[in-house]
Amino acid sequence: MNGARSQNSPEAKAGADAAVRLVGVNKWYGDYHALRDVSLEVRKGERVVLCGPSGSGKTTLIRCVNRLEEHQAGEIVVNGVPLDGNARNVDQVRAEVGMVFQSFNLFPHLTVLQNCTLAPIWVRNMPEPKAEALAMTFLDRVRITDQAHKYPTQLSGGQQQRVAIARALCMDPNIMLFDEPTSALDPEMISEVLDVMIELAESGMTMLCVTHEMSFARRVADRIIFMDGGEIVEQAPPQVFFAQPRMDRTKLFLSQILGH
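The numbering of the sequence shown is this note's numbering, which starts it at 67 and goes up by one.
Worth flagging that the hints you see were computed from the coordinates, not collected in a lab.
For each residue, glycine too, the CB sits at the ideal point set by N, CA and C.
Cβ-Cβ distance ranges computed for the label pairs, FRET-style:
hint, residue 1, residue 2, range
1, His215, Glu254, 21 to 29 Å
2, Ala309, Ser222, 35 to 43 Å
3, Phe308, Glu136, 33 to 41 Å
4, Arg285, Ala139, 30 to 38 Å
5, Glu254, Asp103, 39 to 47 Å
6, Phe173, Ser105, 34 to 42 Å
7, Asn92, Gln168, 22 to 30 Å
8, Asp206, Leu184, 16 to 24 Å
9, His215, Tyr98, 38 to 46 Å
With the hints as constraints, model all of the structure from the sequences given.
Structure below.
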């Protein structure tokens, strides 16, 4: 009997159920240690919110998940594919993981519809009519079909962010990453983006979201993770995280962000 882990063991089943798995991940920018031995597992269909002070490593973590940033130590596996420097693996992961940034990153010279069809046509080799039909489906889902033939500069910030979400969905991702998707928006535009994200979460999409919108986290998250100094300090379901935080750093953060 060798020491190999049984495929029917609890550990194997947990691994098979993982959409994202990080084990002992470290990331440096020169001498700056941005991620310190971070281990995290996100199950398929789970909605995880990352919060913490500026510079705590939240954005770096999710950017490592689709290799926009390269970790120097540890292991990252996404949908069973290791991010180990193999370019083919990176392409495979990026094809299955959608990302929405703080800044909308739309191409200003393309219409809303063209922004949404670009990747399906060029990456998935989808015929243009099919790509346009798909794009209109997701533009309808984010309630912005009437803007399909406008250019990004003709839209409000909230509308542009909804287009960015629709564009990501057009690649049929099984994981969505959000990096402070409302931080660049005027207050009156935040709710229209959060409403779309709530609907997406309720559809069962696996989500990993960096945000300071605690009302969103309370409503949507299965688990909230607090980071500070490049480390995961605490994690818990929302009802526990807000009512009974264990760590002093978490308590201080919540008192600052919630005002009590």
